[in-house]
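These protein sequences, in sequence, are chains R and A. First residue of the first sequence? That's 1 in the working numbering, and the numbers climb one at a time after it. First residue of the second sequence? That's 1 in the working numbering, and the numbers climb one at a time after it.
Treat the hints as calculated values from the structure; they're not laboratory data. Wrong hints could be hidden among the right ones.
Treat identical chains as interchangeable: a pair holds within one or across any two.
Mimicking DSS-like on lysine-lysine, the simulated pairs with C-alpha atoms at most 27 angstroms apart in a straight line are [claimed, not checked]:
hint: 1; residue 1: K19; residue 2: K324
hint: 2; residue 1: K50; residue 2: K289
hint: 3; residue 1: K142; residue 2: K324
hint: 4; residue 1: K309; residue 2: K175
hint: 5; residue 1: K19; residue 2: K376
hint: 6; residue 1: K80; residue 2: K287
hint: 7; residue 1: K314; residue 2: K134
hint: 8; residue 1: K309; residue 2: K134
hint: 9; residue 1: K42; residue 2: K314
hint: 10; residue 1: K134; residue 2: K270
hint: 11; residue 1: K43; residue 2: K309
hint: 12; residue 1: K288; residue 2: K134
Listed here are the chains, written in short residue letters.
2 protein chains.
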Amino acid sequence: MDTAVTTANKIDLAALKYKTVNLVVFGHGNVGDAFLDQLFEKKESLLQRKSLEIHVVAIANSTRILFNEKGTTASWRSDKLTHGVPYSIDSILAFVETHQLENLIAVDNTADAAFTKQYEKLIANGFHIVSSNKHKNTAPWKEYSALRKLLNGHEKEYLYETNVGAGLPLIDTIKLLHQSGENITRIRGVFSGSLSYIFNEFSERNEKFSAILNNAIVNGFTEPDPREDLCGMDVARKLLILARELDLEVELDDVEVQNLIPKAVRALDKTTFLKNLTHLDTSFFIKKKNLKKGNVLRYVADLHGDLSKVDGGKLTVSLQETPKSSMLGQLKGSDSIFEIYTESYGSSPIVIQGAGAGASVTARGVFGDVLRISHKL
Amino acid sequence: MDTAVTTANKIDLAALKYKTVNLVVFGHGNVGDAFLDQLFEKKESLLQRKSLEIHVVAIANSTRILFNEKGTTASWRSDKLTHGVPYSIDSILAFVETHQLENLIAVDNTADAAFTKQYEKLIANGFHIVSSNKHKNTAPWKEYSALRKLLNGHEKEYLYETNVGAGLPLIDTIKLLHQSGENITRIRGVFSGSLSYIFNEFSERNEKFSAILNNAIVNGFTEPDPREDLCGMDVARKLLILARELDLEVELDDVEVQNLIPKAVRALDKTTFLKNLTHLDTSFFIKKKNLKKGNVLRYVADLHGDLSKVDGGKLTVSLQETPKSSMLGQLKGSDSIFEIYTESYGSSPIVIQGAGAGASVTARGVFGDVLRISHKL
Chain R
1 MDTAVTTANK
11 IDLAALKYKT
21 VNLVVFGHGN
31 VGDAFLDQLF
41 EKKESLLQRK
51 SLEIHVVAIA
61 NSTRILFNEK
71 GTTASWRSDK
81 LTHGVPYSID
91 SILAFVETHQ
101 LENLIAVDNT
111 ADAAFTKQYE
121 KLIANGFHIV
131 SSNKHKNTAP
141 WKEYSALRKL
151 LNGHEKEYLY
161 ETNVGAGLPL
171 IDTIKLLHQS
181 GENITRIRGV
191 FSGSLSYIFN
201 EFSERNEKFS
211 AILNNAIVNG
221 FTEPDPREDL
231 CGMDVARKLL
241 ILARELDLEV
251 ELDDVEVQNL
261 IPKAVRALDK
271 TTFLKNLTHL
281 DTSFFIKKKN
291 LKKGNVLRYV
301 ADLHGDLSKV
311 DGGKLTVSLQ
321 ETPKSSMLGQ
331 LKGSDSIFEI
341 YTESYGSSPI
351 VIQGAGAGAS
361 VTARGVFGDV
371 LRISHKL
Chain A
1 MDTAVTTANK
11 IDLAALKYKT
21 VNLVVFGHGN
31 VGDAFLDQLF
41 EKKESLLQRK
51 SLEIHVVAIA
61 NSTRILFNEK
71 GTTASWRSDK
81 LTHGVPYSID
91 SILAFVETHQ
101 LENLIAVDNT
111 ADAAFTKQYE
121 KLIANGFHIV
131 SSNKHKNTAP
141 WKEYSALRKL
151 LNGHEKEYLY
161 ETNVGAGLPL
171 IDTIKLLHQS
181 GENITRIRGV
191 FSGSLSYIFN
201 EFSERNEKFS
211 AILNNAIVNG
221 FTEPDPREDL
231 CGMDVARKLL
241 ILARELDLEV
251 ELDDVEVQNL
261 IPKAVRALDK
271 TTFLKNLTHL
281 DTSFFIKKKN
291 LKKGNVLRYV
301 ADLHGDLSKV
311 DGGKLTVSLQ
321 ETPKSSMLGQ
331 LKGSDSIFEI
341 YTESYGSSPI
351 VIQGAGAGAS
361 VTARGVFGDV
371 LRISHKL
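Taking the hints into account, I'd like the entire structure generated from these sequences.
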């Protein structure tokens with residue numbers, strides 16, 4: 001009987017064991033680039049050890065895309081130069097349909113607010129989403145909650161562990177604690193690697209604020225225009241994302257943010273601002289001089305209030321003085337720190353600390369999210 | 001046409017949306033008890049908010065079981081007194097088959113080594129496993145790796161986040177980092193809440209070791225016989241579990257453990273030992289006296305060496321002196337601390353700190369694992 005089976009009819013049992021996941025990757029800047037490198041490096045080992053075949057079937061930036069239904073290779077950079085084409089979301093949907101690709105994950109490593117408007121279309125057409133882009137989670141509540149309903153309806157996942165604390169295990173931890181009924185009573189910490197570095201150094205050293213800030217800029221610890229860090233909005237976004245994980249119905253406007261940029265220099269163009277950093281020195285000198293002995297400055301995000309009510313949370317982001325002997329006071333370098341206070345854990349919080357920014361650790365976090373979804377498929 | 005549909009044929013669309021997960025819970029000691037309380041408290045909200053119906057279809061201790069195919073209720077304690085029956089694993093298998101129960105999770109909250117021998121049978125018969133019991137993961141490598149093969153073959157999950165650091169997000173973090181190709185170069189920390197408390201207090205206070213130890217016993221921070229903590233084997237087990245997550249092929253015997261119990265009192269019966277705690281004072285007094293200025297004592301687990309090779313890891317568990325200004329040196333109360341060093345994170349590790357023991361936080365961690373699996377089903 002066996003001999004009657006033709007080659008064409010034979011089933012490849014080895015292939016049956018494998019699960020193929022198809023990725024469409026948007027964005028190949030710092031994070032996207034590092035993510036693709038990490039993925040291609042680990043591809044073979046995931047296949048061998050986890051029977052998981054990850055195909056990157058498309059790589060796009062804002063203008064062009066490289067398609068390969070069998071999976072692009074590590075030579076995608078040069079391939080994209082020769083084979084990259086303009087695209088729309090519809091042409092991607094047509095591509096996955098033509099090739100009957102399943103187990104789809106769209107990976108958003110752009111920082112583009114406009115692109116997140118495409119999530120709904122992707123989800124409705126079979127995609128799970130992994131994103132290092134914070135914009136969707138800080139969109140107005142109506143859009144935020146509508147997306148979650150859509151995800152439920154289509155039984156799709158949307159993971160964004162890197163939105164807060166890069167690769168640190170923060171969002172998943174908070175999500176699981178909350179779902180399993182642990183009463184989270186407060187979340188507090190230093191959420192920004194650049195502001196961590198600036199105030200850790202400024203509190204320690206006998207140097208002007210402008211010198212410390214300049215050092216941070218030179219070392220690439222800040223955005224090209226450091227006012228994007230100093231205005232506090234990035235920290236506010238992160239705090240909002242965590243608050244919403246607790247089912248608090250809050251908007252970005254609800255976050256009370258202390259802007260660290262003196263009014264006089266807010267409107268300057270970037271070049272002029274960078275030339276006039278010494279304008280910041282006086283106010284920060286006074287703040288440092290007024291510190292109680294043994295205290296240091298930290299730019300702290302704090303979610304407090306009555307977190308059991310959907311409108312009971314208070315979200316504040318501000319420069320605070322804190323004892324040098326506290327966990328926050330002991331922070332060093334550009335580390336982030338997150339303190340999660342809960343009922344069961346009592347007065348001492350769960351503390352998660354480490355590099356909370358950087359392309360490499362963020363990419364690793366994105367990779368982790370891709371694996372989480374892949375294991376579920 | 002619609003009017004021809006009889007009531008009996010009508011599909012309950014609301015019910016279709018729900019996913020029912022069936023739990024068989026073994027062990028209702030401290031952790032098991034807290035777990036069941038937490039579960040019954042959160043049951044309704046999971047149904048409403050996550051469309052997830054968790055049925056505890058059986059609750060067992062070592063001798064008797066309470067069955068209810070529709071799910072036991074919060075009154076299980078009194079029900080078990082009247083309706084509990086003797087059981088075997090086979091009778092549980094017959095029960096789930098008779099009632100055609102699917103989405104099965106066996107939850108092991110016993111501390112019983114012998115019971116973990118049942119995992120294979122449960123897995124082969126359709127159960128996922130969630131366990132706070134450490135014994136399976138510290139079994140000989142042959143048994144350990146055979147279980148993993150069995151899990152793969154049956155596409156079943158085995159989660160045990162609480163084996164190390166109770167509810168702290170440790171094992172999942174290490175697993176994801178490792179799978180996504182991050183080179184973990186070292187894991188170090190204070191893994192035991194009781195030994196954390198004892199040495200934090202002993203380093204700080206001007207009191208005899210026996211007084212500190214007695215205080216820990218009275219406050220319930222140690223096992224009834226504190227030698228179970230002081231021998232270091234519990235910490236060794238935890239270190240072994242983490243090492244194996246990195247695919248290191250190591251056995252419990254490979255862990256170099258410093259036993260903190262003086263030889264003279266190792267063989268004493270429990271009551272005599274507890275009456276003679278002062279026998280421990282001299283050796284610890286000398287250790288404290290010999291500390292360099294600014295250093296403190298910590299009982300440290302350390303996984304180091306060349307972790308890229310399956311036999312390259314060194315596992316040591318010992319009393320060490322460490323600067324008071326270091327993360328380990330600043331530890332307070334009965335907190336555990338874990339430092340994870342990786343290539344991308346550079347010289348400053350990911351640090352996870354908090355209550356690493358206790359029935360309530362362990363139960364919450366078990367609940368988290370149950371949710372993780374439920375979300376995948």
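Quick rundown of the hints versus the structure:
1. K19 with K324: Result: close neither inside a copy nor across copies, 51 angstroms intra and 50 angstroms inter.
2. K50 with K289: neither (57 angstroms within a copy, 52 angstroms between copies)
3. K142 with K324: neither (41 angstroms within a copy, 49 angstroms between copies)
4. K309 with K175: within (17 angstroms within a copy, 35 angstroms between copies)
5. K19 with K376: both (11 angstroms within a copy, 15 angstroms between copies)
6. K80 with K287: neither (51 angstroms within a copy, 64 angstroms between copies)
7. K314 with K134: within (21 angstroms within a copy, 40 angstroms between copies)
8. K309 with K134: within (25 angstroms within a copy, 38 angstroms between copies)
9. K42 with K314: For K42 and K314, the Cα distance is within 27 angstroms only across copies (25 angstroms; inside one copy 42 angstroms).
10. K134 with K270: within (24 angstroms within a copy, 57 angstroms between copies)
11. K43 with K309: Between copies only: 19 angstroms across, 45 angstroms inside.
12. K288 with K134: neither (32 angstroms within a copy, 50 angstroms between copies)
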